[in-house]
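Number of protein chains: 2
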Amino acid sequence: MSEIAERLLAGEQRALSRLITLLERGDPAAAEAMKVVDGHTGRAYTVGITGPPGAGKSTIVDQLTQLVRETGSTVGIIAVDPTSPFSGGAILGDRIRMQRHYLDSGVFIRSVATRGQSGGLPRIVKSMVRALDASGIDLILVETVGVGQTELGIISVADTVLVALNPESGDTIQTLKAGVMEIADLYLVNKADRDGANQMATAITGMLHMAINSPKWSPPVLLTTAHTGQGIDELWNKIEEHRKFLTTSGELNERRGRQRRREFLEAVEEVLAQRLRDRVENDPSLNAILEKIAAKETDPYSAALEFLDSSLFSANWLNPE
Amino acid sequence: MSEIAERLLAGEQRALSRLITLLERGDPAAAEAMKVVDGHTGRAYTVGITGPPGAGKSTIVDQLTQLVRETGSTVGIIAVDPTSPFSGGAILGDRIRMQRHYLDSGVFIRSVATRGQSGGLPRIVKSMVRALDASGIDLILVETVGVGQTELGIISVADTVLVALNPESGDTIQTLKAGVMEIADLYLVNKADRDGANQMATAITGMLHMAINSPKWSPPVLLTTAHTGQGIDELWNKIEEHRKFLTTSGELNERRGRQRRREFLEAVEEVLAQRLRDRVENDPSLNAILEKIAAKETDPYSAALEFLDSSLFSANWLNPE
Chain D
126 MSEIAERLLA GEQRALSRLI TLLERGDPAA AEAMKVVDGH TGRAYTVGIT
176 GPPGAGKSTI VDQLTQLVRE TGSTVGIIAV DPTSPFSGGA ILGDRIRMQR
226 HYLDSGVFIR SVATRGQSGG LPRIVKSMVR ALDASGIDLI LVETVGVGQT
276 ELGIISVADT VLVALNPESG DTIQTLKAGV MEIADLYLVN KADRDGANQM
326 ATAITGMLHM AINSPKWSPP VLLTTAHTGQ GIDELWNKIE EHRKFLTTSG
376 ELNERRGRQR RREFLEAVEE VLAQRLRDRV ENDPSLNAIL EKIAAKETDP
426 YSAALEFLDS SLFSANWLNP E
Chain U
126 MSEIAERLLA GEQRALSRLI TLLERGDPAA AEAMKVVDGH TGRAYTVGIT
176 GPPGAGKSTI VDQLTQLVRE TGSTVGIIAV DPTSPFSGGA ILGDRIRMQR
226 HYLDSGVFIR SVATRGQSGG LPRIVKSMVR ALDASGIDLI LVETVGVGQT
276 ELGIISVADT VLVALNPESG DTIQTLKAGV MEIADLYLVN KADRDGANQM
326 ATAITGMLHM AINSPKWSPP VLLTTAHTGQ GIDELWNKIE EHRKFLTTSG
376 ELNERRGRQR RREFLEAVEE VLAQRLRDRV ENDPSLNAIL EKIAAKETDP
426 YSAALEFLDS SLFSANWLNP E
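Here the protein sequences come in this chain order: D and U. So this note's numbering is basically just the index in the first sequence, starting at one, shifted up by 125. So this note's numbering is basically just the index in the second sequence, starting at one, shifted up by 125.
These are calculated hints, taken from the structure and not from any lab test. Treat the hints with care, since some could be wrong.
Treat identical chains as interchangeable: a pair holds within one or across any two.
Restricting the straight-line Cα-Cα distance to at most 27 angstroms, the calculated cross-link-like pairs of lysine-lysine (DSS-like) are [claimed, not checked]: (1) K363 with K417; (2) K160 with K417; (3) K160 with K421; (4) K421 with K363; (5) K369 with K421; (6) K341 with K417; (7) K341 with K363; (8) K160 with K363; (9) K160 with K341; (10) K160 with K369; (11) K369 with K341.
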């Protein structure tokens, strides 16, 4: 059995840090450990928080952490940074705001950069959530700072998805149309002390009436002012309410099952793509097709189809010898 | 032969619009047309423009278009929008600024939303560039508004990559570190009438001295004030100079060859991933493995490796019957 997994399951926080480092490096020992760790997951509850820059996500995470720590539960925070080449040091600033929890051994904080990894939420984040879960942490908060697929991908790890906006978040209708409505379990208009907060909340509620996803759960729309703590109690109550809904309806297990199934599929794609790249770099039998592409005798897409349907590919080309 | 390709090669602008619409829909007729179109590419010159929001990319594109149109050359503009769920209507606003070219039949403008497509610059953008090229357009400007992989992916279609910044673009060192230095052929500090423009240009030049990519081409750092047109002539001269460098050194053909090779690889990955998804949805022989995953007898990643090395996959599982 993986030694690191053993130490992690015994509750050693250093083993948790170490495993995450191994995951980040893509060390084979991490994959070995995850085989063991995986069987000990499912006890923690995971809340995903997403929203545009400036919605106050880190402050919300900070306040929720404070509130939950007062009940004695432990908290794990994962800040996902898709690392745009142009995003600069925004994350670092956010993390500094969290520093009041750094000395609290009941709070585990880790940022993860996901640059260069395509698709939705990268596998490493899912493994991190699982490692935190198995280590005995009660509540896991996953915050995505970024755009697009990674943000929407938060649904692939979260039991409850919280979408945070602020009154200046721009055209509400546009914002909600683009895939967010399908993933949100709770809406939060933060910075509610600013103009336009009520109007935004009303607009969101209006949109929700037009398009209800689940007949059983209507996403509530909350107003908070995270920097003063206003509305955080109510937010936590709603998260608990959603958790109760998921548990009693059986939806929690179903949702987690779908997430695991999707993760399998993504892992197959990832490994296939890697093997493919390795082969294309090293296999001289591809030269003929690459020369045809270079000479414009075929376009790259048609060449790809031709290759995949050729005996070259069929002969278990992707399986390592 | 594809009728639409024939009309496009005859220079019918409506055929170009139609082909792009077919590409956006994923219509098989588009793939058919691209087989023909591909053989008629290589005449146009493609400039990619990337940079953080607020760098003035659209204004630069607008001014370059104006300048190039005065020489009689035709211009195609592709604005790539990775469509964050939170990006709102920013693109639309940018496009409105371009409206002075809408009545000019020598300018072809098209925005493309790439939401839900993973990886670098999506295949559709590459096909669009190729379609514009084959239709006889002289200069193609590809502007990416967004973050991360898509921005860096612009190198996969561009002959010259232009990175636009402004004096407020934040920590220069951070900005340039994250992959941008490897792709930029030209730097442009726009909004040069604002404080800090010269300092930023100096900082970039300093960075470049430390890490020169090509011994033959040193990326120049230009100052522009796009909204007044200041520096646009010089920018265009430098683009022409880079083009001459690429042509005489043979690097242009090499670069384009690498792009086509990479595009083949990406297409293989894309088609494989699609076939995989179709199979996982429909193949009952996968049920055993999915049940093991659900029961936590295996973690999704290990299950993926196991599956790929099993006889289930080896038996040409991904090839359609």
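Results for each hint:
no., hint, result
1, K363 with K417, "neither (60 angstroms within a copy, 33 angstroms between copies)"
2, K160 with K417, "between (44 angstroms within a copy, 13 angstroms between copies)"
3, K160 with K421, "between (46 angstroms within a copy, 9 angstroms between copies)"
4, K421 with K363, "neither (59 angstroms within a copy, 29 angstroms between copies)"
5, K369 with K421, "between (60 angstroms within a copy, 23 angstroms between copies)"
6, K341 with K417, "neither (56 angstroms within a copy, 29 angstroms between copies)"
7, K341 with K363, "within (15 angstroms within a copy, 61 angstroms between copies)"
8, K160 with K363, "neither (34 angstroms within a copy, 55 angstroms between copies)"
9, K160 with K341, "neither (35 angstroms within a copy, 50 angstroms between copies)"
10, K160 with K369, "neither (29 angstroms within a copy, 55 angstroms between copies)"
11, K369 with K341, "within (12 angstroms within a copy, 64 angstroms between copies)"
Checked against the numbered hints given earlier, the structure breaks hints 1, 4, 6, 8, 9 and 10 and satisfies all the rest.
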